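Chemist: Sequence:
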Amino acid sequence: KAVYPALTTYRGVQPTQLQPYFEALASAEPKKHVPLLLTSENHDIVIRALMFVAGGSLPWPYEPEYFEQPAARVKPRTDLSGSVQKLLASSDSQIRNRATCVYADLQGRSCQAELCELLRDRSPTVRLVALGWLARWREEAALPQFKNFQIEDHEADLECASLECAVADELAEWKRNDTVPVLLAFLENDQFVYRQGAEIGVPAWRARKALHAITGAWFPYDVAAARAIWQTAIAMDDAMKRKQWLAEHAD
744 KAVYPALTTY RGVQPTQLQP YFEALASAEP KKHVPLLLTS ENHDIVIRAL
794 MFVAGGSLPW PYEPEYFEQP AARVKPRTDL SGSVQKLLAS SDSQIRNRAT
844 CVYADLQGRS CQAELCELLR DRSPTVRLVA LGWLARWREE AALPQFKNFQ
894 IEDHEADLEC ASLECAVADE LAEWKRNDTV PVLLAFLEND QFVYRQGAEI
944 GVPAWRARKA LHAITGAWFP YDVAAARAIW QTAIAMDDAM KRKQWLAEHA
994 D
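Residue numbering for the sequence shown follows my numbering, beginning at 744 and increasing consecutively.
Think of the hints as simulated: they come from the structure by calculation, not from any bench.
Wrong hints could be hidden among the right ones.
[Said to hold, decoys possible] List of simulated lysine to aspartate or glutamate pairs, EDC-like, C-alpha gap at most 20 angstroms:
| # | residue 1 | residue 2 |
| --- | --- | --- |
| 1 | LYS952 | GLU942 |
| 2 | LYS818 | ASP835 |
| 3 | LYS818 | GLU784 |
[As the list claims (entries may be wrong)] Label-pair distances were calculated between CB atoms; the ranges are:
| # | residue 1 | residue 2 | range |
| --- | --- | --- | --- |
| 4 | ARG863 | LEU779 | 18 to 24 angstroms |
| 5 | PHE765 | HIS955 | 14 to 20 angstroms |
| 6 | GLU808 | ASP933 | 19 to 25 angstroms |
| 7 | LYS775 | ILE943 | 44 to 50 angstroms |
| 8 | GLN974 | SER783 | 43 to 49 angstroms |
| 9 | ARG863 | ASP933 | 24 to 30 angstroms |
| 10 | PRO963 | LEU779 | 48 to 54 angstroms |
| 11 | SER833 | ASP981 | 43 to 49 angstroms |
Computed from a predicted structure; not experimentally measured.
For glycine and all other residues, C-beta sits at the position ideal for the given N, C-alpha and C.
Model the full structure from these sequences, guided by the hints.
Modeler: As structure tokens, then:
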């Protein structure tokens, strides 16, 4: 009687280029050998090594979907934060943005200054990840740098759109006027990312919803018009007058 091997999930099929990673994972000392792959020249191997160092899955904003989450997350390797830090200088933007979230998770708020530096990174995804972590920590010292936060050419990038949705949700929770300029920059990105029940993952929609949570006003989707409205409103010292003016001019 013949026995045929079978797979229970599509994840049982992996790219052959990941062989060094799986060999390290199956070794007698994976905790020693897998982190060495952070210096690999292969993009996918480095990402897998980062996941290993992070405890089995990447942290916010790259957490796996509920059906892909590991049974248990291993304690992240905080002793390897120095190795992850070196990847912040990688020429690969996807490695940089993944390294940014892992580094923030490993180091905590002590790396706030480095994340502020990344707000000027050449990649919009890296800037968004850094800003998102600063928002999650409610880092008020970083707020002055939010004023000049820039996003360009974001509409053609699905990952960028997904990150804008995640950042908008974090800023909605923080409810700080200083974060409004960031959200205004998302208002014309109508790229569809996801739908979960009544929640729609479109950056413009989530940004407008976040702006309403912060200011009480529904801003137009036109970025230039929304910025003009906000510049007039924020110049008003009286919060009640500002809210009333916004209700009359933004909605």
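Chemist: Note whether the CB distance of SER833 and ASP981 lies within 43 to 49 angstroms or breaks it.
Modeler: The hint (43 to 49 angstroms, Cβ to Cβ) holds, given that SER833 and ASP981 are roughly 48 angstroms apart.
Chemist: Take the C-beta atom of GLU808 and the C-beta atom of ASP933, compute their distance, and say whether it sits inside 19 to 25 angstroms.
Modeler: 23 angstroms, holds
Chemist: Is the distance from the Cβ of GLN974 to the Cβ of SER783 consistent with 43 to 49 angstroms?
Modeler: 48 angstroms, holds
Chemist: Tell me if the straight-line CA distance from LYS818 to ASP835 falls inside 20 angstroms.
Modeler: 27 angstroms, violated
Chemist: Does the Cβ distance between LYS775 and ILE943 fall inside 44 to 50 angstroms?
Modeler: Holds, at about 45 angstroms.
Chemist: Does the structure keep LYS952 and GLU942 at a Cα separation of 20 angstroms or less?
Modeler: 11 angstroms, holds
Chemist: Note whether the CB distance of PHE765 and HIS955 lies within 14 to 20 angstroms or breaks it.
Modeler: 48 angstroms, violated
Chemist: May I ask you to test the hint 18 to 24 angstroms on the CB atoms belonging to ARG863 and LEU779?
Modeler: The hinted range 18 to 24 angstroms is violated for ARG863 and LEU779, with Cβ atoms some 31 angstroms apart.
Chemist: Holds or violated: 24 to 30 angstroms for the Cβ distance of ARG863 and ASP933?
Modeler: 27 angstroms, holds
Chemist: Could you grab the alpha-carbon distance between LYS818 and GLU784 and see if it respects the 20 angstroms cut-off?
Modeler: Violated, at about 26 angstroms.
Chemist: Evaluate the given range 48 to 54 angstroms for the C-beta pair formed by PRO963 and LEU779.
Modeler: 52 angstroms, holds
In the structure shown, a violation is registered for the earlier hints numbered 2, 3, 4, 5, in ascending order.
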